[in-house]
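> Sequence:
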Amino acid sequence: MASYLFDLDEDGSSLPAEQSLDFPTSQAACSEAVRALSEMMAETLLSNGHSRYLCITVRNGVGAAIFRASLKYDAQTLCSGTRPEPE
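In terms of the UniProt record's numbering, the sequence shown has 12 at position 12, counting the first letter as 1, and numbering is strictly consecutive.
One should not assume that every hint holds.
Claimed, not checked - Straight-line C-alpha distance at most 20 Å; calculated EDC-like pairs for lysine to aspartate or glutamate:
#1 72 <-> 10
#2 72 <-> 32
#3 72 <-> 18
#4 72 <-> 22
#5 72 <-> 7
#6 72 <-> 11
No lab work stands behind these hints, which were simulated from the structure alone.
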């Protein structure tokens, strides 16, 4: 097993990993980053967030970045939901 660090960038705020996680391969670590990112974004959608940017960078045990996954969600209200009366 090798150790990997997952750094999070959330709407421009960087949160470096405080502890490493062990995975059998780098591919397994990258797959976990994608899964975690999708779960985090799903929470945003369920809480009716209007916009959000999330990025996870995976670093290996020596600190080198080996993978990055990111998602941007943006929701905008385009109308008030009422239609004007016809003239």
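> Taking 20 Å as the top limit, are the C-alpha atoms of residue 72 and residue 32 close enough?
holds (18 Å)
> Straight-line Cα separation of residue 72 and residue 7 no greater than 20 Å?
holds (17 Å)
> Keeping to a limit of 20 Å between CA atoms, is the pair of residue 72 and residue 22 held or broken?
violated (27 Å)
> Regarding the pair residue 72 and residue 18, is the alpha-carbon distance no greater than 20 Å?
Answer violated: residue 72 to residue 18 is near 24 Å, above 20 Å.
> Are residue 72 and residue 11 close enough, with their CA atoms no more than 20 Å apart?
Roughly 9 Å between the alpha carbons, so the hint for residue 72 and residue 11 holds.
> Does residue 10 sit within 20 Å of residue 72, going by the straight-line distance between their CA atoms?
holds (10 Å)
Against the hints set out earlier in the document, violations occur for numbers 3 and 4.
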